[in-house]
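Enquirer: Single-letter residue listing:
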Amino acid sequence: MAEKKSIGHAYNIDFLNVVFAASSIFLFVSVIWMVWDDYDREWKGYQRRFAILEQEVTAANLKQLDQTIDKAAVQKLRQQHAEAEKLIAANRAKVNEREQQVREFTNRLYRVNQDYQFAKANYDVNRYDFEARRNKDPERAKQDQATIHEEARRVMELQLEVEKIEAERAAAQAELGKFTGAAADSQKKLEELTAERNRLEKRLNAIAPSVVKDFFRDAPLADFMAPTIKVQQVITPNIVDDVNFTRVVKMDRCMTCHLAIDRAGYENRPQPFRTHPNLNVYVGSNSPHPMSDVGCTVCHEGMGQSLTFRDASHTPANEKQRHQWEEQYHWEEPHLWDYPMLPKGMTEASCAKCHKSETFIPNAPTLTRAYATYERAGCYACHKTRGFEGVRKPGPNLTRIGSKLTPEWVKNWVRKPTAIKPATWMPQPWYTSNSNGPEDATRNEAEIDAAVAYLFANSETYEPAVANPPRGDAGSGKKIVESIGCLACHVTGNESRWDAGPRRTFGQPLQNIGNKTSYVWLFNWVRDPKHYSADTYMPDLRLTDAQVADVATYLTTLKGPAGEEAKAQVDQKATDDVLFDYLSAVMPVEQARVTLSKMDGKAKQLDLGRRTIARYGCFSCHEIKGFEKEQPIGTELSEQGSKLTSRLDFAFVDIEHTKLDWFHTKMKDPRVFDRNRVLRPLEKLRMPDFHTTDEETHLLVTALMSFQRDVQPKQALRQTSMRNDALVAGRNFVSRRNCVGCHEIEGNGGDYKKLLSDESLGPPLLTPEGAKVRPDWLYAFLRAPITIRPWLDVRMPTFGLSDDHLNGVIGYFGAVSNNMRPFATHEVVRASDATATGAQLFEKLRCQQCHVLGAIPKDQPTSNLAPDLRMASERLQPDWILEWLRKPSDIQPGTRMPAFWPDYPKSFYPELGGDAAAQIRAVRDHLLTFRGGPNPKTQTTQIASPN
Amino acid sequence: MDLIKSFFNLLADPRLFFLLTSGALAVMIWKRDAFARNVVGYGLLLGLTVFFLFGAFDPNFRLIIIKPDNVPIVGLIFLLLFFVWYSMREAVLNDQRVAAGKPPVEKEEENRVWVWPDLVYTELISLILCSVLLIVWSIVLKAPLEQPANRSVTPNPSKAPWYFLGLQEMLVYFDPWLAGVVLPGLIIVGLMAIPYLDTNPKGNGYYTFRERKVEITLFLFGFAVLWSSLIVLGTFLRGPNWNFFGPFEYWDIHKLEALTNVNLSEYIWVRALGSGLPSNWLTREIFGILVVLFYAFGLPVLLARRGLKRYYEKLGPGRYYVAVFLFLMMMSLPAKMLMRWIFNLKYIVAIPEFFFNI
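Chains as they are written, first to last, in our numbering: chain A, 4 to 950; chain B, 622 to 979.
Hints listed in this document are in silico derivations from the structure and should not be mistaken for laboratory results.
You can trust all of the hints, since none of them are fake.
Derived list of chain A stretches under chain B, where covered just means 3 residues or more per stretch with a C-beta under 8 Å from a C-beta of chain B:
1) 22-36
2) 244-258
3) 339-348
Just so it is clear, CB atoms sit at the ideal spot from N, CA and C, and this is done for glycine as well.
Kindly generate the complete structure, drawing on both the sequences and the hints.
Expert: Next comes the structure, spelled out in structure tokens:
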């Protein structure tokens, strides 16, 4: 460069020419590259591919439609049309003449109408001027008044003329119609018949490939005008994105690639072109969550505005999909969007954003089970959670533990609960991943010994109601347990927790209960659970003492492994050492030493026990004396799903740094994040190990992800109304008291029926209950159930619910049936003439063949039997009986009750002029004349219990 | 391989890093004749390239150098090195010519200006090539956008724009009012004052070192060592919690550094006098205040008598004091760094009562 030439140039100009040429070419190439880079977008490829797919699908639909179309009808209409055309041809001259007339009128109308429009426009201007002038100076404006009136008159004249010509033209058209009307009519009908076909054909033409479209409208740079491939989006005014400093309406562009998401017919197509799997509930325009209002990412999460696979923050459902995506889409773990998409199978977590604090949401089975699992695992007891406030402590009451268990058994139990009861939800606080080294054994045993000693030292005495119960027969006890419904809440066999599910682990698993407690305790417990524990949810099954003895005897035979033995011996020094650690954590070391030296051995153990229970939070789940006012020990989880990944400590655990990975890892082993860390014993993590399976982990993480910050505005949330509130409260109640363990309500629950060989022998469906039974009857029934179906083994227990709860349940059933009215006037039924017909029909339809009427019909399989009709007048809602008789399967699919009026409103029976409605009414009126059936109301007064 | 990496990790410790850059500057000036040779300049560039290529095989190193925000700093390292070497080479060549009795190379053809077509043409070419560079850059490196800003989550590490990373590094040693307000203000004032302080007419319009030894050395120290190399350090070597990480080290958020720094007052009252800290802030901090006053006002006087007497006479009292004051302010950064590293000194004057710390 510095070599200077003496001929007058600093540089070699020829060389510079070459450099200039080369750099110009570079510039040209890079500009083309820039345009291409801007043009070449991932989503455009999907839209091109979808155009081909849509064409294929539309063509197939068209073909199918062609086959289903009524060819005969089309043929007939075509013939009619041809006939009509002949009529026109025969009167050609007249038709031509009248057509000419209509044309002339139309032309005149056009001219006059234009004059009218102009006159009107000028008049409007002048009128305004006049108004403004008059407002300013009324006197001077007076002179213009006449002009304005004249102008208005002129406008009116023109308008009249327009109307006159219109009328004349209509007359001429009517004349013409005499010849052409028939043809137009048949043409219209033909079009109606083939409307869908024509629509498809039009669409097919529109999407067919064309040179203009493919090479010009969508070409680089030219595509700013009218491209056929373009970004699709919905903007949802009532659903917002929280971008920390403000909330903005959501703008979802997912449908730019997921082009068929709201169109039926693409169910089996590969992604991204698959139809949404549940159009009736989501995305469909008639669904409760239409795409235009709700969008996509409020449920699925992810970055709705993004247009690339990676930036949209898709989350793979499993390892296999992860690898596939990495290869196919260059997918990377999304770190730049705080709310990546929920993986498949977890989307229901988002339901809770708008359906707040609902433990059962219809159409969200995963979330429903997730919440049931969350509740069963008792997470809410240690971790405050919005929506789970006031739910009872999940573990048994330990304030009377001394009369129920032995210290030895309790120690073996807490070392590893699942060793004794595989289906238990009791987690394991000791010998977990951060405390199972050989050096931890002594400390563990010291803590266990002390905690158990504390429990027994603080146990109240309990006097059993029956001190020396007689023994019973285990065989018949087993029968009772397996038939009356115990298994709806309890597990007796070797079922795993996952197989039994959250509803059947509602009560303590009875596995190994023979080793656990004494016969006396079992007898007294089954006989009257509230005698031992006043707050228990365990109901009274109304067994006789002999039956109770059988059941208790059977339970003592359920024996299994004795559990984990102690892994180290605890001497006084071990207790001292551990207690010293606890003490020195809360007071100066010297003071700890002094405090320790002032206590004797027993006091030390009890103090250590109290501190151990406080540290591990046993009291969060169990009632323990001395901890009545303690706060739960866990982190609040109410907004855990919104927690940012940067707030989670991954320590030295080598996993992807995402929220889901952290939650999964934490649930699988709650203390794993202590791995490789140097910690003093009291600094260690203390969440106990629940030994969750992968499925349970998935459910619990789903529940966690559903606990979101409040972001969505009020308009997006489910509206509150008396009915909705009763629904939510009732749904929560029936799942928290495990009513749904036996009964199916609103499509939820009824697990017990799966244990039966014949589902019709199970507890009844309660979805229609609010429309079916009278509230006063239901109230009495729930207070003191009576036997409605004597042939069933399973029975409704006595729950001893409070009046608040009873009214809640009744209100809930009313809300389900949209029939919330505790008081209703039922028409007075008299034995009138219609009733006589009713009696006739009653005989004719042979109702008594299946229905009990005092006596149980003989020669019928039990599955055919039906309740005593004498109860109807007290029990059933008269309006409901009409609905039921008309079409039972509408109310209860699969019922054995026949539909006697399949041709409603016509009837097969001649009575009452063959009027089905009148017949049904007559039968109903007849039914309501029966008296004397079992009635809970008479019982209620007898069993006036003190609560 | 790991040995080499840990060697570089070790070298990049801020203490060593600062001492090495200062040392390299000193060696460069001292051995400038050797430094000016083509083989040294191109060899250094080649060595640097090899280092970056070698490092690119390491995932941690690669992550940090190809981050779109950091790519310009990689460029900065190469450009800085090249231009320092180039100007030093031109200066050395001119010095040799002058020593041989010839005028500097710029003096030749003094009466000719190469505008058309040379200047205009090369400018046009440069314009085109810069456009190409910017276009390709914008295509290849995507804008480093991150998740929506969140007032309750600050990024860790929170880094200033690259050109302020030197200032941010000063925050490790000084309070914000000094590192963020006073010292940057003095930098600007100082740069503006240069024409009035530096009245040496030599070196105007041509490269030279010998005629402007002190000026160039000071400038290079301030610009290359205190400003640019701290930018490099801040970009590549400061990780989560503003902890230091070697170039081949994983940025582990859990890494801890012991912060066991003590104030001067504690040294004097607690350790030397063993009497505990006085409660009155003035008594407590009197030594620190005296030290600072001496540094800002006593030292220039002392230096005028000894050491810098020649300058004092040349510049006159006003100009001399301003120049020395600015120089001392510049040197306060390395001084504080050294004191921090050697004595764990936190503050010379620490008056938390009214947020005044030096």
